[in-house]
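J.: Please build the complex by placing chain B on the supplied structure of chain A, with the hints as guidance.
Protein chains: 2
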Amino acid sequence: MLKYQQIAADIEQEIVDKDLQQGDKLPVLDAFMAQFDVSKSTITKALDLLEKKGIVYQVRGSGIFVRRHKRRGYISLLSNQGFKKELDGFQITSEVLALDIRRPTAEAARNLAVNPEESVYYVKRVRYINGQTLCIEESYYNKSVVSYLNNEIVSESIFNYISDALGLNIGFSDLYFNVGKINKKEAELLRLPDASPGLFMEQIFHLTNGQPFDFSKITYNYEQSQFFIQANNYFL
Amino acid sequence: MLKYQQIAADIEQEIVDKDLQQGDKLPVLDAFMAQFDVSKSTITKALDLLEKKGIVYQVRGSGIFVRRHKRRGYISLLSNQGFKKELDGFQITSEVLALDIRRPTAEAARNLAVNPEESVYYVKRVRYINGQTLCIEESYYNKSVVSYLNNEIVSESIFNYISDALGLNIGFSDLYFNVGKINKKEAELLRLPDASPGLFMEQIFHLTNGQPFDFSKITYNYEQSQFFIQANNYFL
Numbered sequence: 001m002l003k004y005q006q007i008a009a010d011i012e013q014e015i016v017d018k019d020l021q022q023g024d025k026l027p028v029l030d031a032f033m034a035q036f037d038v039s040k041s042t043i044t045k046a047l048d049l050l051e052k053k054g055i056v057y058q059v060r061g062s063g064i065f066v067r068r069h070k071r072r073g074y075i076s077l078l079s080n081q082g083f084k085k086e087l088d089g090f091q092i093t094s095e096v097l098a099l100d101i102r103r104p105t106a107e108a109a110r111n112l113a114v115n116p117e118e119s120v121y122y123v124k125r126v127r128y129i130n131g132q133t134l135c136i137e138e139s140y141y142n143k144s145v146v147s148y149l150n151n152e153i154v155s156e157s158i159f160n161y162i163s164d165a166l167g168l169n170i171g172f173s174d175l176y177f178n179v180g181k182i183n184k185k186e187a188e189l190l191r192l193p194d195a196s197p198g199l200f201m202e203q204i205f206h207l208t209n210g211q212p213f214d215f216s217k218i219t220y221n222y223e224q225s226q227f228f229i230q231a232n233n234y235f236l
Numbered sequence: 001m002l003k004y005q006q007i008a009a010d011i012e013q014e015i016v017d018k019d020l021q022q023g024d025k026l027p028v029l030d031a032f033m034a035q036f037d038v039s040k041s042t043i044t045k046a047l048d049l050l051e052k053k054g055i056v057y058q059v060r061g062s063g064i065f066v067r068r069h070k071r072r073g074y075i076s077l078l079s080n081q082g083f084k085k086e087l088d089g090f091q092i093t094s095e096v097l098a099l100d101i102r103r104p105t106a107e108a109a110r111n112l113a114v115n116p117e118e119s120v121y122y123v124k125r126v127r128y129i130n131g132q133t134l135c136i137e138e139s140y141y142n143k144s145v146v147s148y149l150n151n152e153i154v155s156e157s158i159f160n161y162i163s164d165a166l167g168l169n170i171g172f173s174d175l176y177f178n179v180g181k182i183n184k185k186e187a188e189l190l191r192l193p194d195a196s197p198g199l200f201m202e203q204i205f206h207l208t209n210g211q212p213f214d215f216s217k218i219t220y221n222y223e224q225s226q227f228f229i230q231a232n233n234y235f236l
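Protein sequences, first through last, are from chains A and B. Residue numbers for the first sequence follow our numbering, so the first one is 1 and each next one is one higher. Residue numbers for the second sequence follow our numbering, so the first one is 1 and each next one is one higher.
So that you can see chain A by itself, here it is in the shape it has in the complex (with noise of 0.2 Å):
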């Protein structure tokens, strides 16, 4: 982590700690600056990155503020990091269904950019929230970045794994969904009657270098999840 990562991550905390609010003026960059001991530009770079994320906004003139409505137990589509860190707090737990080395599908395939012919690591899961089911998650991994995977790992967050002790940096996400009826086996893994209404998502995680290594198709149960997007405007 940089340091001015680290400065964000520390200003991030300090607002959690003292529990401020939406709107709550922070403290004028000079006072930061003798805080973290650092220069100007880092503790920019470091409120940048936290307005990236939707932690604060700057007023032009009028300084920095809080930006903070997130509500308990939704779900983050901007983060990825996986449940574990999301849903702190929650007891998030995995059912391993399936663990194999195969063929993808042509559409994993083509989301991968990977070859038909070519092997990929295929994961399915039940995930659980405080015992309750919370979604199937259906995983394809491209071989040649993601090498190794066991039973251990996917029980767990095959992210933490990704970036701890494979080394690789998560770059973008492209994600898409859309609402529809779960069907009989998918009701019977989550427990929910056929046909219950269903959240159906497609998730495709690249590299910071661009290339793809994981095509995941997750279909929640719609008891169990909520969802929030804090989204800046980019688009003039």
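Don't take every hint at face value.
As the list makes no split between identical chains, a pair holds if one copy fits it or if it spans any two.
[Said to hold, decoys possible] List of simulated lysine-lysine pairs, DSBU-like, C-alpha gap at most 35 Å:
1) K217 to K18
2) K18 to K185
3) K25 to K217
4) K143 to K18
5) K3 to K143
6) K143 to K124
7) K18 to K3
8) K143 to K25
9) K143 to K217
10) K185 to K143
11) K184 to K53
12) K3 to K45
13) K45 to K181
14) K143 to K184
15) K185 to K40
By construction, these hints were calculated from the structure, which means they are not laboratory data.
T.: Just chain B now, with coordinates in the frame of chain A:
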């Protein structure tokens, strides 16, 4: 629009016109500087904006590449532009069910940070895509910000009116959603069977100065709506 924003828009248009694909490499900075006859810092700002918008990704030491997984007909949840621009090529129309000045609900007052005794504009619309119901939208506008609305305005894009006619700067938004079953009234308006799946969204729009001005509750027709998000990894 500032110079770098215009250049960003031009580069984005070029990507579309040339039908560039995900992973295609863009020209080097020098080439862009020559093409637009501007300084390196202006080009850098334009490319940073495009990266924030999810149009390109930059790989250190390697170049700038096209990011373009967008699927046609998907609604972007990071755009604050409303559907009109988002669903370019689709015909979006609105039926106004209500337009009046009233006391906000407790929920609306809280989300708009207004006094519950203060009057707000209330607008209820059904929005159509190519003649099919797309969503039911109930919006509360802070009257001290959005001082005037009429039937003609709310039949079209309220956001265009707010930025163009009122000259307000639309900033960030907070968005929450979950999935459930629509009730009888919603089913009638959306022309769906009772208890069909539905996507329920709440969105709070703020000015660039942080003031919330629009609290909207939107119920989507699950058969007509699909969504996408291009997320950056600011979450190290």
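J.: So, for every hint listed, does it hold in this structure?
T.: For each hint, the structure was consulted:
{"no.": "1", "hint": "K217 to K18", "verdict": "between (38 Å within a copy, 31 Å between copies)"}
{"no.": "2", "hint": "K18 to K185", "verdict": "neither (46 Å within a copy, 44 Å between copies)"}
{"no.": "3", "hint": "K25 to K217", "verdict": "between (41 Å within a copy, 28 Å between copies)"}
{"no.": "4", "hint": "K143 to K18", "verdict": "between (44 Å within a copy, 32 Å between copies)"}
{"no.": "5", "hint": "K3 to K143", "verdict": "within (33 Å within a copy, 44 Å between copies)"}
{"no.": "6", "hint": "K143 to K124", "verdict": "within (16 Å within a copy, 50 Å between copies)"}
{"no.": "7", "hint": "K18 to K3", "verdict": "within (22 Å within a copy, 40 Å between copies)"}
{"no.": "8", "hint": "K143 to K25", "verdict": "between (47 Å within a copy, 25 Å between copies)"}
{"no.": "9", "hint": "K143 to K217", "verdict": "within (18 Å within a copy, 43 Å between copies)"}
{"no.": "10", "hint": "K185 to K143", "verdict": "within (28 Å within a copy, 50 Å between copies)"}
{"no.": "11", "hint": "K184 to K53", "verdict": "neither (38 Å within a copy, 39 Å between copies)"}
{"no.": "12", "hint": "K3 to K45", "verdict": "both (10 Å within a copy, 23 Å between copies)"}
{"no.": "13", "hint": "K45 to K181", "verdict": "neither (45 Å within a copy, 44 Å between copies)"}
{"no.": "14", "hint": "K143 to K184", "verdict": "within (31 Å within a copy, 49 Å between copies)"}
{"no.": "15", "hint": "K185 to K40", "verdict": "neither (56 Å within a copy, 56 Å between copies)"}
Violated hints, in rising order: 2, 11, 13, 15; the structure is consistent with all others.
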